[in-house]
Each structure stands twice: as structure tokens, then as C-alpha cells.
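Q: Next come the chains, spelled out residue by residue.
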Amino acid sequence: MKITDRLKVEHGVFLQQLKVLERLVGEGASREALLAVTETIVAAEQHHSRIEDRVLYPALVKVLGPQFPLLVEIRAQHDAVRQLTDDVRRGGGERALVRRYVEALRHHMESEIHSLFVLAEEYMDEDDLESMCSWDEEHVYAEAGRGQVWADRWLS
Amino acid sequence: MRITDRLRAQNDVVLQQLEHLERLINGGAAADVLAAVVETIAAAEEEHSVNEEPILISALGRVLGPGYPALREISEDHRHLRRLRSQMASGDCDVLQARVFVEVLRAHLQREARDLFPLVDRWVERAALSESFDERVDVGARD
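Each protein sequence line maps, in turn, to chains P and X. Residue 40 in my numbering sits at position 23 of the first sequence, with consecutive numbering throughout. Residue 64 in my numbering sits at position 61 of the second sequence, with consecutive numbering throughout.
No lab work stands behind these hints, which were simulated from the structure alone. Bear in mind the structure is a predicted one, so any value in this text is a computation, not a measurement. Each residue gets a CB set at the ideal place from its N, CA and C atoms; glycine is no exception. Take these hints with a grain of salt, some might be off.
Which stretches of chain P does chain X cover? Using the computed rule of at least three CB atoms under 8 Å from a CB of chain X, they are [what the hints assert, rightly or not]: (1) 38-49; (2) 76-82; (3) 93-100; (4) 114-122.
In the EDC-like style, the derived pairs of lysine to aspartate or glutamate whose C-alpha atoms are separated by at most 16 Å in a straight line are [stated by the list, open to error]: (5) P:K79 to P:E69; (6) P:K25 to X:D15; (7) P:K25 to X:D8.
The calculated label-pair distances, taken between Cβ atoms and stated as ranges, are [to be verified]: (8) P:G109 to X:A92: 23 to 31 Å; (9) P:A93 to X:Q90: 40 to 48 Å; (10) P:R92 to X:Q19: 33 to 41 Å; (11) X:L18 to P:Q100: 26 to 34 Å; (12) X:L18 to P:D96: 25 to 33 Å.
Work out the full structure: start from the sequences and follow the hints.
A: So, in C-alpha cells, the structure goes:
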């Protein structure tokens, strides 16, 4: 399985859960519930973003250069989503902030599905994309406290 | 992409989120908070199982027989999870129900990894399965 396939599948789960969060906002769920659901999505999305930031994104920077417009845009989207996550936390699940979080994360994921992953599959070797998705290897490195070593393999 | 890779990736997300739900339960979260989080996780799981039942389980049933124990258990898990989701969505959600949901879903995901996915990888023809699954998911996405 290529890392882009894994990330796309995960996006599918998050996009569906964003619909649930949006529905809960519309139904008048409590702020505590909205915050908890946001945190539920964040709990898995942060791990997902770390894989992108530590493995896929640096590998693409190596190929395309750090100023490649799409990479700059995706980096800005990651920062915006992180900022909105903090805002939702600080606002205690305030409805308008949760709506903005939903919109920002949805837009970011659609951008990656339709642009970043397409670019990765066009410019990167399929074997490399598959190796980046080796759960077993990643797990062994992580358990040995050497997760960064696993990520750095793609940057040398 | 193999169908089992897709399902494993979905399960990994859900497993991480179950840990979060467990922390909320242990931290004494209110019933409406637990119900909202259960609904969020259950929605993803049900989408996964709705695609799994008519394709994977029925394909394996044709090879191994519909009464094959692992297939029966997986289908029973799906029914149990749907019942729990429905009960909690109708306002009948407390700490005990949320704990049962965590336990049943976690055991189910482990059962899939241990019993179902190896059977699929071994017995089900990859090309036909990927095609039918992709078609179904595409139709779902358009809906």
C-alpha cells in the first residue's frame, strides 16, 4: 500500500466525521460535546498530519523544492488547521469556531486528495511510496524510541 | 490498494479515537458528550461495515460457507454495534453503555485483523473484490 493510499483512506474517515460534527452543530449540541467531538477527530488527525509532515512532505520538498507553490499552500493550510484547533479549545467548543474548523479541515483534505497526493504519485517512485507506508517498520522504530530515524530515512 | 489495506487503515483511525473516548469516560464526561463522541466513531465504523458486509462477508461466505464461525461472529459484532449506536443516539447513553461500546468495537476490530482480513487475503480474488468495493464506495461518495 502506498502512503498516499493510506492517507487518502484516513481522509475518507475524517471527512465523514466532519459531517457528523457539522450535523451536531446544526442540532444545537452542547459546546462540551462539540469540543469533545473535535478532539476525537484531532486525536487521530494529529498522528496522520505528523506522518505527512515528517515523511511525505519533506520527501516532496526534496524533489520539488521548498518554494513549490502547492507545498507552500499546504504548509499554510496545516498551520491554519492547527491554529483553529487551538481556537476551538480556547473557545471551549464555541459553535462559530467549530464551523470554521470543519471548513478549514475539509478544504485542506480535499486539497491534498486532489493536488498533493496526485503530485506525489506523479513525481515519486511507487516503491518509495509503498515503503513509506510500512506499519511494521514504523512500529519497530517507534517502540525503540527511534521514530525520527525511521522518518529521516526518506530525507537522506 | 488491497481492500484489506483500506480497511486496516480505517480501523487504525478508529482505534486511536477509542482511546480518546476511553479517556473521556474515565474523566467523568457528561452523557451527552459521550453520546456525541460515540456517534462520531460509530458513523465511521458503520460506513466501513456497510461496505464490508455485502462484499467481503458474502464473498467469503461463498467460499467458506455462510456458517463459518469467524464470519458469523463478525456479522454478529456488526449487529451488536448497530444496536448500541441506535440506543445511544436515542438518548439512552450512560457511562456503562459507552464502556460497552468501546469494548465491543475494540474486540471487533481485533477480530477483523486476526480472523477476517487474513481470510480475505487468502481466499478472495483481489481484482474482482477491489473493483466491486471501489464501485460501491464511489456510489456512496456521490450520494
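Q: Confirm or reject each hint.
A: Hint by hint, here is what the structure shows:
1. 38-49: Answer holds; 5 residues pass the 8 Å Cβ test.
2. 76-82: violated (count 0)
3. 93-100: violated (count 0)
4. 114-122: violated (count 0)
5. P:K79 to P:E69: 14 Å, holds
6. P:K25 to X:D15: 13 Å, holds
7. P:K25 to X:D8: Satisfied, since the Cα-Cα distance of roughly 12 Å is no more than 16 Å.
8. P:G109 to X:A92: 23 to 31 Å: For P:G109 and X:A92 the Cβ distance comes to about 24 Å; the hint holds.
9. P:A93 to X:Q90: 40 to 48 Å: Check passed, 43 Å falls within 40 to 48 Å.
10. P:R92 to X:Q19: 33 to 41 Å: The hinted range 33 to 41 Å is violated for P:R92 and X:Q19, with Cβ atoms some 24 Å apart.
11. X:L18 to P:Q100: 26 to 34 Å: 28 Å, holds
12. X:L18 to P:D96: 25 to 33 Å: With a Cβ separation near 28 Å, X:L18 and P:D96 satisfy 25 to 33 Å, so the hint holds.
Figure legend: structure checked against the earlier numbered hints; hints not met, in rising order: 2, 3, 4, 10.
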